[in-house]
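Q: Build out the structure end to end from the sequences listed, making use of the hints.
Each protein sequence line maps, in turn, to chains A, B, C and D. Using this note's numbering, you'd call the opening residue of the first sequence number 1 and step up by one each time. Using this note's numbering, you'd call the opening residue of the second sequence number 1 and step up by one each time. Using this note's numbering, you'd call the opening residue of the third sequence number 1 and step up by one each time. Using this note's numbering, you'd call the opening residue of the fourth sequence number 1 and step up by one each time.
Among the hints, a few may not be true.
Distance ranges between label pairs, derived from CB positions [to be verified]:
no. : chain 1 : residue 1 : chain 2 : residue 2 : range
1   : D       : E11       : B       : G184      : 35 to 41 Å
2   : A       : R217      : D       : E138      : 40 to 46 Å
3   : D       : E138      : B       : K59       : 43 to 49 Å
4   : C       : A186      : A       : K171      : 16 to 22 Å
5   : D       : E11       : B       : P221      : 48 to 54 Å
6   : B       : E194      : D       : E11       : 43 to 49 Å
Examples of chain A residues lying across from chain C (beta carbon under 8 Å, computed) [claimed, not checked]:
no. : residue
7   : Y22
8   : E42
9   : L52
10  : L77
11  : F84
12  : G95
13  : P207
14  : R208
Keep in mind that the hints were calculated from the coordinates and are not lab data. Just so it is clear, the structure is predicted and the values come from calculations on it, not from any experiment. Glycine is no exception: its CB is placed at the ideal position from the N, C-alpha and C atoms.
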Amino acid sequence: MKPLSRRQMAWRAAQDIENGAYVNLGIGLPTLCSDFIPEGREIVFHSENGILGMGPAPKPGEEDKDLINAGKQLTTLVPGGVFFHHNDAFVMIRGGHLDLALLGAFEVSESGDLANWTTEDPNFSPGVGGAMDLAVGAREVRVIVEHVTKEGRPRIRKACAYPLTAPHCVKRIYTNLAVLDVTGDGIVVREMVEGFDLDGLQALTEPRLRLANDWKRLEAPEV
Amino acid sequence: MKPLSRRQMAWRAAQDIENGAYVNLGIGLPTLCSDFIPEGREIVFHSENGILGMGPAPKPGEEDKDLINAGKQLTTLVPGGVFFHHNDAFVMIRGGHLDLALLGAFEVSESGDLANWTTEDPNFSPGVGGAMDLAVGAREVRVIVEHVTKEGRPRIRKACAYPLTAPHCVKRIYTNLAVLDVTGDGIVVREMVEGFDLDGLQALTEPRLRLANDWKRLEAPEV
Amino acid sequence: MIDKRVRTLAEAVAGVKHGATVLCSGFGAVGEPVELLNALRWSGVKDLVCVANNAGTGDEGLAGLIKDGRVRKIVCSFPRTTDPHCFEAAYKAGKIELEIVPQGTLSERMRAGAAGLGGFYVKTAAGTKLGEGKETREIDGELYVLEKPIRGDIALCRADRADRWGNLTYRKSARNFNPVMAMAAALTAVQVREIVPLGALDPECVVTPGIFVDRIVVV
Amino acid sequence: MIDKRVRTLAEAVAGVKHGATVLCSGFGAVGEPVELLNALRWSGVKDLVCVANNAGTGDEGLAGLIKDGRVRKIVCSFPRTTDPHCFEAAYKAGKIELEIVPQGTLSERMRAGAAGLGGFYVKTAAGTKLGEGKETREIDGELYVLEKPIRGDIALCRADRADRWGNLTYRKSARNFNPVMAMAAALTAVQVREIVPLGALDPECVVTPGIFVDRIVVV
Numbered sequence: 001m002k003p004l005s006r007r008q009m010a011w012r013a014a015q016d017i018e019n020g021a022y023v024n025l026g027i028g029l030p031t032l033c034s035d036f037i038p039e040g041r042e043i044v045f046h047s048e049n050g051i052l053g054m055g056p057a058p059k060p061g062e063e064d065k066d067l068i069n070a071g072k073q074l075t076t077l078v079p080g081g082v083f084f085h086h087n088d089a090f091v092m093i094r095g096g097h098l099d100l101a102l103l104g105a106f107e108v109s110e111s112g113d114l115a116n117w118t119t120e121d122p123n124f125s126p127g128v129g130g131a132m133d134l135a136v137g138a139r140e141v142r143v144i145v146e147h148v149t150k151e152g153r154p155r156i157r158k159a160c161a162y163p164l165t166a167p168h169c170v171k172r173i174y175t176n177l178a179v180l181d182v183t184g185d186g187i188v189v190r191e192m193v194e195g196f197d198l199d200g201l202q203a204l205t206e207p208r209l210r211l212a213n214d215w216k217r218l219e220a221p222e223v
Numbered sequence: 001m002k003p004l005s006r007r008q009m010a011w012r013a014a015q016d017i018e019n020g021a022y023v024n025l026g027i028g029l030p031t032l033c034s035d036f037i038p039e040g041r042e043i044v045f046h047s048e049n050g051i052l053g054m055g056p057a058p059k060p061g062e063e064d065k066d067l068i069n070a071g072k073q074l075t076t077l078v079p080g081g082v083f084f085h086h087n088d089a090f091v092m093i094r095g096g097h098l099d100l101a102l103l104g105a106f107e108v109s110e111s112g113d114l115a116n117w118t119t120e121d122p123n124f125s126p127g128v129g130g131a132m133d134l135a136v137g138a139r140e141v142r143v144i145v146e147h148v149t150k151e152g153r154p155r156i157r158k159a160c161a162y163p164l165t166a167p168h169c170v171k172r173i174y175t176n177l178a179v180l181d182v183t184g185d186g187i188v189v190r191e192m193v194e195g196f197d198l199d200g201l202q203a204l205t206e207p208r209l210r211l212a213n214d215w216k217r218l219e220a221p222e223v
Numbered sequence: 001m002i003d004k005r006v007r008t009l010a011e012a013v014a015g016v017k018h019g020a021t022v023l024c025s026g027f028g029a030v031g032e033p034v035e036l037l038n039a040l041r042w043s044g045v046k047d048l049v050c051v052a053n054n055a056g057t058g059d060e061g062l063a064g065l066i067k068d069g070r071v072r073k074i075v076c077s078f079p080r081t082t083d084p085h086c087f088e089a090a091y092k093a094g095k096i097e098l099e100i101v102p103q104g105t106l107s108e109r110m111r112a113g114a115a116g117l118g119g120f121y122v123k124t125a126a127g128t129k130l131g132e133g134k135e136t137r138e139i140d141g142e143l144y145v146l147e148k149p150i151r152g153d154i155a156l157c158r159a160d161r162a163d164r165w166g167n168l169t170y171r172k173s174a175r176n177f178n179p180v181m182a183m184a185a186a187l188t189a190v191q192v193r194e195i196v197p198l199g200a201l202d203p204e205c206v207v208t209p210g211i212f213v214d215r216i217v218v219v
Numbered sequence: 001m002i003d004k005r006v007r008t009l010a011e012a013v014a015g016v017k018h019g020a021t022v023l024c025s026g027f028g029a030v031g032e033p034v035e036l037l038n039a040l041r042w043s044g045v046k047d048l049v050c051v052a053n054n055a056g057t058g059d060e061g062l063a064g065l066i067k068d069g070r071v072r073k074i075v076c077s078f079p080r081t082t083d084p085h086c087f088e089a090a091y092k093a094g095k096i097e098l099e100i101v102p103q104g105t106l107s108e109r110m111r112a113g114a115a116g117l118g119g120f121y122v123k124t125a126a127g128t129k130l131g132e133g134k135e136t137r138e139i140d141g142e143l144y145v146l147e148k149p150i151r152g153d154i155a156l157c158r159a160d161r162a163d164r165w166g167n168l169t170y171r172k173s174a175r176n177f178n179p180v181m182a183m184a185a186a187l188t189a190v191q192v193r194e195i196v197p198l199g200a201l202d203p204e205c206v207v208t209p210g211i212f213v214d215r216i217v218v219v
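A: Here is the structure:
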């Protein structure tokens, strides 16, 4: 059994980002994907605070305090990148202009409901940021998430227990164990890591899984 | 009896434009007002096609075909003037950011209803342009209009016969015979040209007029 | 590599279907993508619904499309502009349907389409003939009408400079409807004066980010 | 002559009343008008409703206002940002009311306020806890919620350069909420790095036209 590391999960999700795509990467794990875009593809990264064409983190000495990403980390702009205001950033998001939003999640349901904004933990004030806008607005929403919680509870559920970010929005799920598609006909396993068969994966997943005829082993290089 | 010329009407309306005002001048007669701003006042002229800080018509040799006003005449930009797109131009108009819209009219009613977009003449296709947006959006709407039609029919009416541009929007009316305010208590005459008394003006006006206690003679220089 | 440059006007307008909704930019002739509109005319497409501020000037561009009977309906704020004879002839002959929309509402409806909104309430036209038949609602004591978004199948735009990603700048009042129309269509084709290398446009001064643009052609 | 320059931060925030709605720009600390917010704190005004993306960083600016108990309610998309200890303490003590609004809806509600709209329908939050209690409507088979405009009594903004008419440019991602907030308040005060002579800003590159700005102060 070879579950993927977090960096490998990001690597796997990055392989599916097509040349020319306009992409918003959610805070945390999804942000890592920009490090793993296959050679030769030109991808334009969007940030809800008014950037299109975000580059990698700045090299030492090149930091600019006025240039941050949605996670409030310092970032850079690539040639061709542009700045705009928050309202235009959300015209892009909500109006279906982004090809892909790659987001983190607490839970995903079998019908593609996404819960990623609050666990209702009374120790934290709630906060939603741009999560709901991205979930309803991007042409395609994919999620990167650990297959189960630290306590071993499935994160792919029949119905989300946590408050929804948006109903019926997730199309593909990348976990440390599998790549799964949310279809009109339930959840389909496209890839599984070595050491798993459908029964093994099913035991860690709440809704009924189907195995794609052309399923493959999920493998990622050491990254 | 000394009715004002069209240029004098524009002159009179221009005297009331305060320093620092953001103003949209309607097509036709109102456009002339920019020639008569009193010395020392800085006024910012807005055009719905995306200009703030319009200047006078270009001098020969300085024409730029990409720089026109809302009436599609060549214009200029003053220092401090800026360009923006149509949508932002109407955010300014509709959002109450313009201090004044000075418009032409076919008719004005005693409650300040404005009719200035169509006479329903079957020989012309209808067209509204930005008239309705200006009428509902500017902080104050004033109108410049001949007191009566060529046929001698009053243009200040109990109720407009032509289709409305907007109800209850006009606050002040400049005619070739008088300056009138639309108040909650009917139309008040502020100024009348020489040779008119209230009865004489009333005969050319449909709704009942009241004379302001401090009314004055309406006089304008030869311009 | 992302490269939105196309070589010909025909390529720029390729794929438009009969009956398509076409957002036609410009304010009168200023900012009008005349050559793209001419190319659309040559493509033979018909039954178009054109959204524009005016209804064409002279015999070229939008006027030419109307002259050839390709436009079933025009949605605009003010059909008559400098030399509108093509529109006037079609209108008098009953060959073109006309929907008059206040200029700000026209722009805002396209922005709503671009921004993923389902509609908005606006005071403009409330209590007037142009507001008749629209859902009306009193909000804080004032009347508003509900306006629906407009989206185009294609937007035809005109800009000054572009890079291969489709970032655009405009010139003076030729900006007008171009930025909002560029955002509001499934496909956006833009004729530009000049294409510059990627990175040559100041990222603080790009007006239309390339995400809204699909095809650019130098005219 | 139009001259929106004021000499002191105190003048820039003068006249704000207890209970006022204050639009506080910035995304985290970037683009936050820290000095104007500090001046508002020194002015002694209280019971404020602050609209912001976050709820303050460190001990200055918006965080300082909250620390001093001047903010009755905060309307924001994500209160926790870098070092939100002032907000967290007030929130846990039940001393501040919190309204969570999705980031795009927050921005769009202010734009609606700026644009004279009565409200708009948006998919964001439909079918979620944040959409509960809102008017919901099905449009073309999808659920939308009705959102109302937000207008401030004052907007506090931060820009890079200005001229005496109040035209503004920004720097990189410090632009963020500044342009929309500047449009959406009865009074807009802006702290800038530099004031340049009228005509020195490129008219094609001004982001906030001066019509939206009332007071500018160099910090």
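Q: Between E11/D and G184/B, is the Cβ distance one that fits in 35 to 41 Å?
A: 36 Å, holds
Q: Given E42/A was flagged as interface, is its beta-carbon under 8 Å from a beta-carbon of chain C?
A: Given a least distance of 5 Å, the restraint on E42/A holds.
Q: With a cut-off of 8 Å, does the beta carbon of L77/A approach a beta carbon of chain C closely enough for the hint to hold?
A: 6 Å, holds
Q: Does the Cβ distance between E138/D and K59/B fall inside 43 to 49 Å?
A: The hinted range 43 to 49 Å is violated for E138/D and K59/B, with Cβ atoms some 58 Å apart.
Q: Against chain C, with CB atoms and a cut of 8 Å, does the hint on G95/A hold up?
A: At about 4 Å, which falls below the 8 Å cut-off, the nearest Cβ of chain C leaves the hint on G95/A intact, so it holds.
Q: Verify the CB-CB distance for A186/C and K171/A against the hinted window 16 to 22 Å.
A: 20 Å, holds
Q: Under 8 Å is the threshold here; is the Cβ of R208/A close enough to any Cβ of chain C for the hint to stand?
A: Violated - the Cβ of R208/A stays beyond 8 Å from chain C, reaching only about 33 Å at its closest.
Q: For the range 40 to 46 Å, tell me whether the beta carbons of R217/A and E138/D fit it or not.
A: 44 Å, holds
Q: Holds or violated: is the Cβ of Y22/A closer than 8 Å to a Cβ in chain C?
A: Because about 5 Å separates Y22/A from the closest Cβ in chain C, which is inside the 8 Å limit, the hint holds.
Q: Hint validation: L52/A versus chain C, beta carbon distance must be below 8 Å. Holds or violated?
A: 5 Å, holds
Q: Have a go at the F84/A hint: is there a Cβ in chain C nearer than 8 Å to its own Cβ?
A: 6 Å, holds
Q: At the C-beta level, are E194/B and E11/D separated by a distance inside 43 to 49 Å?
A: Once the Cβ atoms are compared, 48 Å apart, the range 43 to 49 Å for E11/D and E194/B holds.
Hints 3, 5, 13 and 14, counting from the list given before, are not met by this structure.
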